[in-house]
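Residue numbers (the numbering used here), protein chains in the order written: chain A, 440 to 715; chain B, 15 to 292; chain C, 9 to 340.
Where hints are given, some of them may not hold.
[As the list claims (entries may be wrong)] Once the Cα atoms are required to be at most 16 Å apart in a straight line, the calculated EDC-like pairs of lysine to aspartate or glutamate come out as:
1) C:Lys11 x C:Asp31
2) C:Lys11 x C:Glu69
3) C:Lys11 x C:Asp71
4) C:Lys102 x C:Glu117
5) C:Lys109 x C:Glu159
6) C:Lys211 x C:Glu35
7) C:Lys112 x A:Glu623
8) C:Lys211 x C:Glu228
9) C:Lys109 x A:Glu623
10) C:Lys211 x C:Asp36
11) C:Lys11 x C:Glu35
12) C:Lys11 x C:Asp33
13) C:Lys112 x C:Glu159
14) C:Lys211 x C:Glu221
15) C:Lys109 x A:Asp622
16) C:Lys192 x C:Asp36
17) C:Lys102 x A:Glu623
18) C:Lys102 x A:Asp622
19) C:Lys192 x C:Glu159
20) C:Lys112 x A:Asp622
21) C:Lys82 x A:Glu611
[To be verified] Negatives, chain C to chain A, calculated, CB over 12 Å:
22) Leu32
23) Thr132
24) Ser225
25) Asn235
26) Ala256
27) Leu272
28) Trp278
29) Glu286
30) Asp302
31) Glu327
[Claimed, not checked] According to the in silico footprint, chain B covers these stretches of chain A (three or more CB under 8 Å from chain B):
32) 445-455
33) 463-469
34) 558-572
35) 656-666
36) 689-701
Simulated from the structure, these hints should not be mistaken for laboratory data. C-beta: ideal position from N, C-alpha, C; glycine also.
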Amino acid sequence: MARRVSGRRQLVVTLIAWAIGLAIFFPILWTILTSFKTEAEAIASPPSFLAFEWTLENYAEVNSRSNYPLHFMNSVIISLGSTLLGLLIAIPAAWSMAFVPAKRTKDILMWMLSTKMLPPVGVLIPIYLMFRDFGLLDTRIGLVVVLTLINLPIIVWMLFTYFKEIPGEILEAARMDGASLWDEVVYVLTPMAVPGIASTLLLNVILAWNEAFWTLNLTAAKAAPLTAFIASYSSPEGLFYAKLSAASTLAIAPILILGWFSQKQLVRGLTFGAVK
Amino acid sequence: MLSPAVLLLLGWMIVPLSMTIYFSFLSYNLLMPGMEQFVGFANYEFFLTDPAFFEALANTLLLVGGVLVITIVGGTALALLLDQPMWGQGIVRILVIAPFFVMPTVSALVWKNMFMNPVNGLFAHLAKGVGLEPFDFLSHAPLFSIILIVAWQWLPFATLILLTALQSLDQEQLEASEMDGAKFGSRFVHIVLPHMSRAITVVILIQTIFLLSVFAEILVTTNGGPGYASTNITYLVYAQSLLQFDVGGGSAGGIVAVILANIVAIFLMRMIGKNLEA
Amino acid sequence: MGKISLRQVTKTFGDVEVIPALDLDIEDGEFVVFVGPSGCGKSTLLRLIAGLEDVTGGHIEIDGRPATDVPPAKRGLAMVFQSYALYPHMSVRKNISFPLKMAKMDPAEQERRVNAAARTLNLTDYLDRRPGQLSGGQRQRVAIGRAIVREPSAFLFDEPLSNLDAALRVNMRLEISELHQSLKTTMIYVTHDQVEAMTMADKIVVLRAGRIEQVGSPLELYRAPRNLFVAGFIGSPKMNVISGEKAAEHGAHTIGIRPEHLLLAQDGAWSGRVGVAEHLGSDTFLHVHVEGLDPLTVRVQGEAGVSHGDAVRLSPMPEHLHRFDENGLAVR
Chain A
440 MARRVSGRRQ LVVTLIAWAI GLAIFFPILW TILTSFKTEA EAIASPPSFL
490 AFEWTLENYA EVNSRSNYPL HFMNSVIISL GSTLLGLLIA IPAAWSMAFV
540 PAKRTKDILM WMLSTKMLPP VGVLIPIYLM FRDFGLLDTR IGLVVVLTLI
590 NLPIIVWMLF TYFKEIPGEI LEAARMDGAS LWDEVVYVLT PMAVPGIAST
640 LLLNVILAWN EAFWTLNLTA AKAAPLTAFI ASYSSPEGLF YAKLSAASTL
690 AIAPILILGW FSQKQLVRGL TFGAVK
Chain B
15 MLSPAVLLLL GWMIVPLSMT IYFSFLSYNL LMPGMEQFVG FANYEFFLTD
65 PAFFEALANT LLLVGGVLVI TIVGGTALAL LLDQPMWGQG IVRILVIAPF
115 FVMPTVSALV WKNMFMNPVN GLFAHLAKGV GLEPFDFLSH APLFSIILIV
165 AWQWLPFATL ILLTALQSLD QEQLEASEMD GAKFGSRFVH IVLPHMSRAI
215 TVVILIQTIF LLSVFAEILV TTNGGPGYAS TNITYLVYAQ SLLQFDVGGG
265 SAGGIVAVIL ANIVAIFLMR MIGKNLEA
Chain C
9 MGKISLRQVT KTFGDVEVIP ALDLDIEDGE FVVFVGPSGC GKSTLLRLIA
59 GLEDVTGGHI EIDGRPATDV PPAKRGLAMV FQSYALYPHM SVRKNISFPL
109 KMAKMDPAEQ ERRVNAAART LNLTDYLDRR PGQLSGGQRQ RVAIGRAIVR
159 EPSAFLFDEP LSNLDAALRV NMRLEISELH QSLKTTMIYV THDQVEAMTM
209 ADKIVVLRAG RIEQVGSPLE LYRAPRNLFV AGFIGSPKMN VISGEKAAEH
259 GAHTIGIRPE HLLLAQDGAW SGRVGVAEHL GSDTFLHVHV EGLDPLTVRV
309 QGEAGVSHGD AVRLSPMPEH LHRFDENGLA VR
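Put together the whole structure using the sequences plus the hints.
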């Protein structure tokens with residue numbers, strides 16, 4: 440039971456928490472605000488917070504000048520594609536590990552986890568050379584493959600911890616109730632596994648969307664997702680604050696929204712079930 | 015048991031890694047194809063005695079350590095704060111978590127240009143506003159600036175996990191200790207902290223894995239400079255192999271990075287392995 | 009119909025023999041309770057009957073037909089699990105009708121049976137809720153409902169009341185007994201609670217370490233326990249067990265006397281001093297310290313009129329004295 444505290448203390452706590460929360464959020468807020476300013480207002484001193492002329496011209500500019508829609512689609516295809524492919528591969532594996540565990544299951548899970556600890560620079564060169572030789576550099580399919588592989592351990596693990604929570608007694612009850620293996624999968628297991636699969640999907644789309652090692656190293660232009668597209672603003676072009684802000688806002692908005700939905704799963708997914 | 019998932023990961027682990035090991039014993043430059051020859055440990059010798067390596071190693075440790083200190087201390091404090099009853103808790107939570115969802119290139123660029131820029135950055139405006147000389151963060155304190163940016167990205171992660179751990183603390187335990195006369199400080203040290211120690215360890219280990227590989231933030235802010243002042247091992251290997259085309263040297267560096275990461279990984283695996291049994 | 013026979017049934021997990029060869033007959037319409045301390049193999053035995061575990065050796069017959077290799081769904085049995093094992097994503101109605109749906113029963117008949125079961129179990133108002141929105145007792149009733157609609161030849165209950173609070177447990181105990189009276193279907197019920205066993209069973213099977221210690225009606229077990237284990241397990245408060253000199257006086261290695269069969273008497277054979285007295289209103293349990301013995305429990309109707317420290321004399325009722333030999337077996 441939550442403890443009752445005096446209203447005054449709650450007020451103080453509320454004020455401090457909101458101040459800190461806003462401070463942490465401020466860079467994002469500032470970016471969003473700046474994206475609606477003109478370039479002149481964006482660098483005005485002193486900067487205006489809300490009292491400026493709101494404009495959408497930066498968004499129009501970003502869309503027309505650069506190939507923003509292409510990069511956005513690249514991000515969507517790469518993050519969604521790698522996640523779906525990963526799920527396709529991981530669901531049978533996690534399923535069998537959770538429901539028909541063998542003696543080695545635990546070892547295999549731990550080993551899968553260990554592949555995640557492999558620093559990407561350790562395999563950068565061979566992957567780069569292989570991609571070059573197979574013509575996969577700067578292709579969506581190449582990135583889908585790489586991101587599938589680097590996120591596969593997380594996908595397997597998350598699914599495993601969710602599947603593991605489906606109580607064995609329910610499966611036994613279904614067997615007693617006359618369900619065939621197929622009925623068990625269709626009527627009992629799948630409906631109970633769907634929430635877990637959905638949260639796994641969500642978290643992995645976020646991770647893949649924001650992945651910024653392989654996307655930067657393996658793409659140049661036509662397959663570049665938003666991470667790489669934004670990186671191109673590190674040139675002096677980045678000094679056009681309003682446009683940088685508009686491009687940034689477009690790049691982070693979808694995932695910010697998705698992310699807020701996945702708060703709870705985030706903890707579990709990123710700690711491999713060690714903290715729930 | 016040999017499911018496609020296992021086979022794929024096995025391939026992903028073994029093929030490129032053994033290629034890296036193989037390359038690390040070759041003198042191999044992409045600009046001079048066909049000139050590869052076996053050179054033994056020369057690449058390692060070269061990489062490990064290069065002053066840039068030590069600078070990068072020191073930078074890596076500073077970066078990892080600095081971010082860990084900020085996020086753990088800040089995350090614990092924030093978690094304690096967010097665990098209190100307040101109005102609009104859900105919204106504050108969302109505000110605090112948001113930076114985690116910002117892609118690294120965006121956060122690095124936003125900080126670099128809009129905040130730390132010595133002419134038009136917000137910090138410069140602030141400094142001028144109180145009559146101080148604007149500070150050029152990325153030229154004069156590049157590593158520190160990168161630590162700040164990365165810490166901002168990871169603070170939400172630490173906060174979220176520590177908050178989750180805190181919320182699972184048995185209220186009766188706290189009440190019992192209160193009855194036993196423990197003040198806030200000693201309750202924190204003797205009850206809250208031990209309860210959170212596991213989550214803190216998990217945060218340290220997982221962040222370390224990711225922080226050892228910080229890359230995009232360096233690439234778009236400083237390019238590792240000035241000099242090697244903000245180059246970490248990951249960036250050094252990248253520069254060696256894809257900017258200088260020295261595959262042999264880069265591979266040796268890559269293997270060194272793998273070994274460093276493994277040392278951390280061993281601890282992490284033990285922690286998670288223990289949890290599997292529970 | 010619901011006659012179940014076990015012939016030389018054994019079960020081993022790896023090297024561990026959980027159930028050594030065991031024979032048991034359960035008659036049609038009987039309420040049989042498997043009781044024993046935790047780890048005695050009672051749940052395993054139930055799961056063997058259900059078909060959720062395969063027997064290592066021996067045969068199981070249901071209604072005269074071999075069932076050893078028949079899958080659980082085809083045995084015509086229904087089970088109520090300890091955790092209820094309700095399907096969390098289905099409404100109460102869907103939960104109850106699930107076995108009927110699996111049997112591809114006509115939807116109208118499904119509807120009729122579900123409604124009938126819901127009426128019996130007072131669930132009519134909750135049919136469209138999810139299990140998560142129900143209280144523990146209601147979930148328990150849904151689990152029973154799911155078992156009833158199949159009209160099985162026997163019900164299997166695996167510690168069904170252990171997750172309920174004390175008051176609810178008494179209620180559900182009565183409801184299950186009532187259900188048995190009206191359905192007259194065989195029920196096999198696993199519990200570690202001897203009160204449940206005594207109050208519900210037609211026949212109790214006392215198990216220890218996978219072996220049957222005794223089979224009998226509650227009163228048979230109460231009146232004539234076959235050995236010290238059964239004597240100590242059945243009856244509350246526990247039977248007083250005395251060995252040594254005082255047992256030898258009665259010509260046995262060990263004697264047992266239930267608290268209700270010890271009388272406070274001026275001329276009692278054993279003298280002692282009253283320790284704690286537990287007043288229940290209807291009864292008083294006196295803990296009497298007798299020189300050279302463990303404290304004895306004495307049950308006195310109403311108020312005893314003695315208090316802590318009083319000297320008393322106790323007299324065992326000779327016709328209720330249980331005698332055991334050195335192996336703990338009852339001497340008759």
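How the hints compare with the structure:
| no. | hint | result |
| --- | --- | --- |
| 1 | C:Lys11 x C:Asp31 | holds, 14 Å |
| 2 | C:Lys11 x C:Glu69 | holds, 8 Å |
| 3 | C:Lys11 x C:Asp71 | holds, 5 Å |
| 4 | C:Lys102 x C:Glu117 | holds, 14 Å |
| 5 | C:Lys109 x C:Glu159 | holds, 14 Å |
| 6 | C:Lys211 x C:Glu35 | holds, 10 Å |
| 7 | C:Lys112 x A:Glu623 | holds, 15 Å |
| 8 | C:Lys211 x C:Glu228 | holds, 9 Å |
| 9 | C:Lys109 x A:Glu623 | holds, 12 Å |
| 10 | C:Lys211 x C:Asp36 | holds, 12 Å |
| 11 | C:Lys11 x C:Glu35 | holds, 5 Å |
| 12 | C:Lys11 x C:Asp33 | holds, 8 Å |
| 13 | C:Lys112 x C:Glu159 | holds, 15 Å |
| 14 | C:Lys211 x C:Glu221 | holds, 13 Å |
| 15 | C:Lys109 x A:Asp622 | holds, 10 Å |
| 16 | C:Lys192 x C:Asp36 | holds, 9 Å |
| 17 | C:Lys102 x A:Glu623 | holds, 15 Å |
| 18 | C:Lys102 x A:Asp622 | holds, 14 Å |
| 19 | C:Lys192 x C:Glu159 | holds, 11 Å |
| 20 | C:Lys112 x A:Asp622 | holds, 12 Å |
| 21 | C:Lys82 x A:Glu611 | holds, 13 Å |
| 22 | Leu32 | holds, 21 Å |
| 23 | Thr132 | holds, 22 Å |
| 24 | Ser225 | holds, 29 Å |
| 25 | Asn235 | holds, 34 Å |
| 26 | Ala256 | holds, 51 Å |
| 27 | Leu272 | holds, 48 Å |
| 28 | Trp278 | holds, 50 Å |
| 29 | Glu286 | holds, 33 Å |
| 30 | Asp302 | holds, 41 Å |
| 31 | Glu327 | holds, 47 Å |
| 32 | 445-455 | holds (count 4) |
| 33 | 463-469 | holds (count 5) |
| 34 | 558-572 | holds (count 12) |
| 35 | 656-666 | holds (count 3) |
| 36 | 689-701 | holds (count 7) |
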